[in-house]
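A.B. asks: What follows is the residue order along each chain.
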Amino acid sequence: MKKKFTRRGVLLGAGAVGAGALLAGGGFAARASLDELYSASGQSYPFYGQHQPGIITPAQDRLHFAAFDLVTERASDLQALLRIWSDAAATMMAGRPIGAGAAPVLYGDNTATIPPSSDTGEALGLPAARLTITFGFGPTLFLKDGKDRFGLAARRPEALIDLPPFPGDALDPNYCGGDLCVQACADDPQVAFHAVRNLARLARGLAVLRWTQLGFGRTSSTSRSQETPRNLMGFKDGTNNLKSEETALMEAHVWAGAGDQLSWMRSGTYLVARRIRMALEVWDHNLLEEQEWVIGREKVSGAPLGKKQEFDLVDLAARDEKGNPLVPARSHVRLAIGEGKIKILRRGYSFTDGTDMRTGQFDAGLFFIAFQRDPRTQFVPLQMSLAQHDALNDYISHTGSAIFACPPGAREGGFVGEELFASI
Amino acid sequence: MRSAVALWPLKMYSAASMFFLSIVIIMSGLSACSPAGAATPITISVRDNYFDPNIITSAPGKAASLTFHNAGAVPHVVQIVGLTDQTVIQPGQSATFRVTPQTRQYAIVDALYGADGMVGTLIGGAPDQQASTPTVSPSVAVQGTGAAYKTYLLDQADQLVASAQTFADAIAAGDLAQAQALYVSTRHYYERIAPVARSFGTLESRLNARERDLPDDQWTGFHRLEKALWVDGATSGQEGLARQLVADLRELRADLEVHALLPTDVLDLSVALLDQALTTKLNGQEDRYARTDLADLSSNVAGSRAAFTVFAPFLQRTNPALLAEITDRYDRFENIANTLREPDGAYLLYPALTPGQLHQLSDAMIAIGEPLSRVASQLK
Numbered sequence: 001m002k003k004k005f006t007r008r009g010v011l012l013g014a015g016a017v018g019a020g021a022l023l024a025g026g027g028f029a030a031r032a033s034l035d036e037l038y039s040a041s042g043q044s045y046p047f048y049g050q051h052q053p054g055i056i057t058p059a060q061d062r063l064h065f066a067a068f069d070l071v072t073e074r075a076s077d078l079q080a081l082l083r084i085w086s087d088a089a090a091t092m093m094a095g096r097p098i099g100a101g102a103a104p105v106l107y108g109d110n111t112a113t114i115p116p117s118s119d120t121g122e123a124l125g126l127p128a129a130r131l132t133i134t135f136g137f138g139p140t141l142f143l144k145d146g147k148d149r150f151g152l153a154a155r156r157p158e159a160l161i162d163l164p165p166f167p168g169d170a171l172d173p174n175y176c177g178g179d180l181c182v183q184a185c186a187d188d189p190q191v192a193f194h195a196v197r198n199l200a201r202l203a204r205g206l207a208v209l210r211w212t213q214l215g216f217g218r219t220s221s222t223s224r225s226q227e228t229p230r231n232l233m234g235f236k237d238g239t240n241n242l243k244s245e246e247t248a249l250m251e252a253h254v255w256a257g258a259g260d261q262l263s264w265m266r267s268g269t270y271l272v273a274r275r276i277r278m279a280l281e282v283w284d285h286n287l288l289e290e291q292e293w294v295i296g297r298e299k300v301s302g303a304p305l306g307k308k309q310e311f312d313l314v315d316l317a318a319r320d321e322k323g324n325p326l327v328p329a330r331s332h333v334r335l336a337i338g339e340g341k342i343k344i345l346r347r348g349y350s351f352t353d354g355t356d357m358r359t360g361q362f363d364a365g366l367f368f369i370a371f372q373r374d375p376r377t378q379f380v381p382l383q384m385s386l387a388q389h390d391a392l393n394d395y396i397s398h399t400g401s402a403i404f405a406c407p408p409g410a411r412e413g414g415f416v417g418e419e420l421f422a423s424i
Numbered sequence: 001m002r003s004a005v006a007l008w009p010l011k012m013y014s015a016a017s018m019f020f021l022s023i024v025i026i027m028s029g030l031s032a033c034s035p036a037g038a039a040t041p042i043t044i045s046v047r048d049n050y051f052d053p054n055i056i057t058s059a060p061g062k063a064a065s066l067t068f069h070n071a072g073a074v075p076h077v078v079q080i081v082g083l084t085d086q087t088v089i090q091p092g093q094s095a096t097f098r099v100t101p102q103t104r105q106y107a108i109v110d111a112l113y114g115a116d117g118m119v120g121t122l123i124g125g126a127p128d129q130q131a132s133t134p135t136v137s138p139s140v141a142v143q144g145t146g147a148a149y150k151t152y153l154l155d156q157a158d159q160l161v162a163s164a165q166t167f168a169d170a171i172a173a174g175d176l177a178q179a180q181a182l183y184v185s186t187r188h189y190y191e192r193i194a195p196v197a198r199s200f201g202t203l204e205s206r207l208n209a210r211e212r213d214l215p216d217d218q219w220t221g222f223h224r225l226e227k228a229l230w231v232d233g234a235t236s237g238q239e240g241l242a243r244q245l246v247a248d249l250r251e252l253r254a255d256l257e258v259h260a261l262l263p264t265d266v267l268d269l270s271v272a273l274l275d276q277a278l279t280t281k282l283n284g285q286e287d288r289y290a291r292t293d294l295a296d297l298s299s300n301v302a303g304s305r306a307a308f309t310v311f312a313p314f315l316q317r318t319n320p321a322l323l324a325e326i327t328d329r330y331d332r333f334e335n336i337a338n339t340l341r342e343p344d345g346a347y348l349l350y351p352a353l354t355p356g357q358l359h360q361l362s363d364a365m366i367a368i369g370e371p372l373s374r375v376a377s378q379l380k
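Protein chains in written order, with my numbering: chain F, 1 to 424; chain W, 1 to 380.
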């Protein structure tokens, strides 16, 4: 224990603070005990199954989203990465540290030869926290700058389009695109961060981070068991979201089916992410009447204008005594429900990235995530309509954008996207 | 982000049309209770820079005596348009007008500060009343803000149309430098009232769409001409677009004529103008080629202040501390904006603004917005 106060000794000691007094007198040889702490509590979800987790899973409280770019050009590397990632995701979702764990492996008594632990360790002592990890493939995985890097161009799903420009887009290239994505959701932000960090570490030499986004509050309910949360504007948004219990609607609107072109995407889905900045300072000094008019709902109750309760059906035909629509023509709720025809599964999070250093205003808003069967008939027409007419556009701007194909869930012993490579 | 008065169309089309009717009823009701007989003169305080009261009702066809007393610290030049000439009133001095209004409204305007919202309205609108006494009631004074603001609005719209005509003339004459200068000065009038264009169908997008807001073959208005003048450096071929701009602005002026305004509409507009400044202008998204965003930003805030100013007499009675606070915040903004001018008085171009200066402008405008939004609670 002479090394206790060296830099390394202090760091390792600090990492074990959550483990109580386990290190006391025990030196470093406490690996098993430390790992056991991992899964002590917290609900966990299985990684393997028909669908990937984190899609119809009841939305957790926190998000860490990451887009990656591949730096290898070998399809075999890509497959290897997806297998490593899938194994790690299954382990972390179960609440366990990856690889040989978080504790050091001893080589005799010579502590100088201790390599860094395979798990980075910051989730030690934390519960599984309902962690889910969801993977997606961006358009550039199939074709980038006209180049078919992995021989996958012919297997690109037609629904995995390059999103068109929308009116009013204010996209920052630093928040757009990516070859691969990782969506980590958990009830504990450190658990979500730990997942992305360890996947990034496992990818080193093969893939690099392109951009990441932390989300701190879910803005959607994806299950009937959940209350509709409020966005940073203080409104309940997404009341009419699809709910995971609505199995038939999920099949119709979320999951790619047998008729949808490529078999490797069957039971998969398409993820669209949009980083939507809100002009919070401007919103804050606008009259409540204006705010409710813009959204189309009452602020406190969440009821559609002209109704009493949050879950009362939005009556688009209702008019006041002067003949004006009760739910205004340009209000968000009227446009977002697409006159009732278009449905998507929203699973977004509030975010803040501090302040806009130019103006001192909040850089905050909604990190919108939606899952759907085909963005060409769902997100694109919906957003086109919103971008053109939504009164909310006065208060928001889309600063980031990405689309990913999320393959079906992995079979036990397999990996996510395995079928994409089936005949290569 | 786009201009920001989404509430505007709804409100204006719904309750607002009933406004003038209701105010007349209220006014005549009050007048009927006042003592009949000889005309009691009414005194209007001329302050820096608003009229208190700014709404006066007087029986049409009967003589009324209106005294303007300059209670401020600077000279004012007062006119009841259509009834009196412009009259200079020094601080501490008064001027009395004996007028006989018809059944219509008359604008009361300060020639020096009218462009900043120093306007009022004389309503010859109670034909049945017995007394010829002009009346004003503090309890209904706030109802008059819509009418007072409309006086300002129409005046600005008139100047906007006139300025746009000279702009179109310069383009027709092929004078590029003159056309560029007139683009900037015409925007000055437009940006003081811009959100009102929202109320009239496609008018706003015809007037002010930016590149790629619309397909190229449908793109018209200010910014299309801006691109021609600054990017192509040419006036030729733009004559038709310039003529259409003038025609569209005339249409706006005509539409405004028949619109009534509620107090909440005016307050909303004041906030919406601030929002336009805080979003498109502060981000340099308005004048992408001329880079005169700061000039537009300052016009937005000037327009916001003008709309706020019509509430001044009302707030003077109901919440003078709030009036003082908001006035001070506008002053502070103007002091900052005034440091961002070239020696010739023109505002700096957007690329010349430092992050620190944008930060100051943002802070100053946000500081106006918070107390300004509290005026709403006074209107109930």
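To be clear, the hints were calculated from the coordinates, so they are not data collected in a lab. Some hints here could point you the wrong way.
[To be verified] Chain W is nowhere near these chain F residues, computed Cβ spacing over 10 Å in every case:
hint	residue
1	D77
2	A153
3	P165
4	P167
5	G168
6	A258
7	V282
8	N286
9	E290
10	G306
11	A317
12	R358
13	Q361
14	D374
15	V380
16	R411
[What the hints assert, rightly or not] Ranges between beta-carbon positions, derived for each pair:
hint	chain 1	residue 1	chain 2	residue 2	range
17	W	D213	F	G234	23 to 33 Å
18	F	E227	W	D48	33 to 43 Å
19	F	Q226	W	E370	51 to 61 Å
Because the structure is a prediction, the values reported are computed rather than measured. Beta carbons are placed, not taken as given, at the ideal position from N, Cα and C, and that holds for glycine.
A.B. asks: With reference to the structure, classify each hint as holding or not holding.
C.D. replies: Against the structure, the hints come out as follows:
No beta-carbon of chain W comes within 10 Å of the beta-carbon of D77(F); the shortest separation is about 40 Å. Under the 10 Å C-beta cut-off, the non-interface status given to A153(F) relative to chain W holds; the minimum distance is some 30 Å. The Cβ of P165(F) does not lie farther than 10 Å from every Cβ of chain W; its closest approach is about 8 Å, which violates its non-interface assignment. Taking the minimum C-beta to C-beta distance to chain W, about 6 Å, the non-interface status of P167(F) is violated against the 10 Å cut.
For G168(F), the shortest C-beta to C-beta distance to chain W comes to about 7 Å, within the 10 Å cut-off, and the non-interface label is violated. Distance to chain W confirms A258(F) as a non-interface residue, since its nearest Cβ pair spans about 39 Å, more than 10 Å. At roughly 5 Å, the least C-beta separation between V282(F) and chain W is not larger than 10 Å, which violates its mark as non-interface. The beta carbon of N286(F) sits about 6 Å from the closest Cβ of chain W, which is not more than 10 Å, so the claim that it is off the interface is violated.
Interface exclusion of E290(F) from chain W breaks down, the closest Cβ pair being 4 Å apart, not more than 10 Å. Every Cβ of chain W is farther than 10 Å from the Cβ of G306(F); the closest lies at roughly 13 Å, confirming the non-interface assignment. The claim that A317(F) lies off the interface holds: its Cβ sits roughly 17 Å from the closest Cβ of chain W, which is beyond the 10 Å cut-off. Chain W draws R358(F) into its interface by the beta-carbon criterion, the shortest separation being 5 Å against a cut-off of 10 Å.
Separation of Q361(F) from chain W is inadequate, the least Cβ-Cβ distance of about 6 Å not exceeding the 10 Å criterion. Every CB of chain W is more than 10 Å from the CB of D374(F) (nearest about 26 Å), matching its label as outside the interface. Every CB of chain W is more than 10 Å from the CB of V380(F) (nearest about 17 Å), matching its label as outside the interface. Against chain W, the non-interface label of R411(F) holds: every CB pair exceeds 10 Å, the least being about 46 Å.
At roughly 29 Å, the beta-carbon separation of D213(W) and G234(F) lies within the given 23 to 33 Å, and the hint holds. Checked against the hint of 33 to 43 Å, the pair E227(F) and D48(W) fails, with Cβ atoms roughly 53 Å apart. Our hint of 51 to 61 Å for Q226(F) and E370(W) is violated, since their Cβ atoms are close to 34 Å apart.
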